[in-house]
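Asker: Given next are the chains, with one letter for each unit.
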Amino acid sequence: DTGVSQDPRHKITKRGQNVTFRCDPISEHNRLYWYRQTLGQGPEFLTYFQNEAQLEKSRLLSDRFSAERPKGSFSTLEIQRTEQGDSAMYLCASSRGGGGIQETQYFGPGTRLLVL
Amino acid sequence: AQKVTQAQTEISVVEKEDVTLDCVYETRDTTYYLFWYKQPPSGELVFLIRRNSFDEQNEISGRYSWNFQKSTSSFNFTITASQVVDSAVYFCATPNFGNEKLTFGTGTRLTIIP
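Which chain is which? The protein sequence lines are G and E, in order.
Each residue of the first sequence is one higher than the one before, counting from 59 in this note's numbering.
Each residue of the second sequence is one higher than the one before, counting from 4 in this note's numbering.
These are calculated hints, taken from the structure and not from any lab test.
Just so it is clear, CB atoms sit at the ideal spot from N, CA and C, and this is done for glycine as well.
Among the clues, some could well be false.
DSS-like mimics (lysine-lysine), calculated; alpha carbons at most 25 Å apart, straight line [unchecked claim]:
hint, chain 1, residue 1, chain 2, residue 2
1, G, 69, E, 41
2, E, 19, E, 41
3, E, 41, E, 6
4, G, 72, G, 129
5, G, 115, E, 6
Residues on chain G that point at chain E, a partial pick, calculated with CB under 7 Å [to be verified]:
hint, residue
6, 96
7, 100
8, 103
9, 160
10, 167
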């Protein structure tokens with residue numbers, strides 16, 4: 059069973075630039091989650107998808123952030139006009155979810171973003 | 004809203020010692036789940052265990068064991084005969100019922116000294 063993959067693993071950008079991250083979930087997992095983790099903290103929820111529908115967005119997700127999951131497969135997270143405060147690890151997770159049972163979320167290796 | 008407290012920020016033990024990581028949770032859900040994840044230096048969160056609120060039996064998996072006590076809202080994790088490979092940050096988490104978004108604690112950094 060192939061795990062969750064994320065690309066790129068590391069990204070260094072200059073303030074004001076746009077960046078896009080990709081997440082490929084475990085096949086047949088219909089739920090996909092994005093989390094952000096800053097140094098010394100636990101991951102914080104950003105948004106999640108049930109198939110292609112984005113069902114919830116955290117208040118952490120400002121207007122500069124947008125996420126998509128076309129066709130209910132891979133997902134992209136774009137940050138526009140990056141700020142130094144966006145520097146963090148961005149984690150993607152997927153689960154079977156949606157059947158009324160709280161399924162386990164399996165995480166990818168993360169994308170570490172540094173905004174200079 | 005869910006809340007998870009991991010009061011131990013950092014723990015260091017000598018290899019082969021036993022170590023217990025504490026987790027205290029708060030939830031308004033009558034049915035809920037609890038998780039433990041391990042985050043090694045590589046950064047990937049590795050799933051360790053999922054426990055539902057109906058099952059208060061302790062669980063053992065090799066050198067790992069978990070003690071779930073609803074009366075004290077705790078779900079503690081014990082590593083027996085610790086090894087250097089156990090060095091990592093360990094997170095306790097609980098999901099919101101329905102959408103499953105996880106609320107994590109701040110984690111406990113465990114260092115096993117050879």
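Asker: What's the verdict on residue 72 of chain G and residue 129 of chain G, does the C-alpha distance respect the 25 Å limit or exceed it?
Answerer: Cα-Cα ~31 Å, so violated.
Asker: Hint residue 96 of chain G vs chain E: min CB-CB distance below 7 Å?
Answerer: violated, 11 Å
Asker: Checking one constraint from the list: CA of residue 19 of chain E to CA of residue 41 of chain E, max 25 Å. Satisfied?
Answerer: Between residue 19 of chain E and residue 41 of chain E the Cα gap is close to 19 Å, so the pair holds against 25 Å.
Asker: Can you confirm whether the C-alpha distance between residue 69 of chain G and residue 41 of chain E stays at or below 25 Å?
Answerer: With Cα atoms ~24 Å apart, residue 69 of chain G and residue 41 of chain E stay inside 25 Å; holds.
Asker: Taking the least C-beta to C-beta distance, is residue 167 of chain G closer than 7 Å to chain E?
Answerer: Where the cut-off is 7 Å and the nearest Cβ of chain E is about 4 Å from residue 167 of chain G, the hint holds.
Asker: Between residue 115 of chain G and residue 6 of chain E, does the CA-CA distance stay at or below 25 Å?
Answerer: Measuring from Cα to Cα gives roughly 19 Å; hence the hint holds.
Asker: Given residue 103 of chain G as an interface hint, is its Cβ closer than 7 Å to any Cβ of chain E?
Answerer: holds, 4 Å
Asker: Is residue 41 of chain E within 25 Å of residue 6 of chain E, Cα to Cα?
Answerer: holds, 19 Å
Asker: Report holds or violated for the interface hint on residue 100 of chain G, using the least CB-CB distance to chain E and a cut-off of 7 Å.
Answerer: holds, 3 Å
Asker: Under the criterion of a CB-CB separation shorter than 7 Å, is residue 160 of chain G in contact with chain E as hinted?
Answerer: holds, 5 Å
In terms of the numbered hints stated before, the structure departs from hints 4, 6, listed from lowest to highest.
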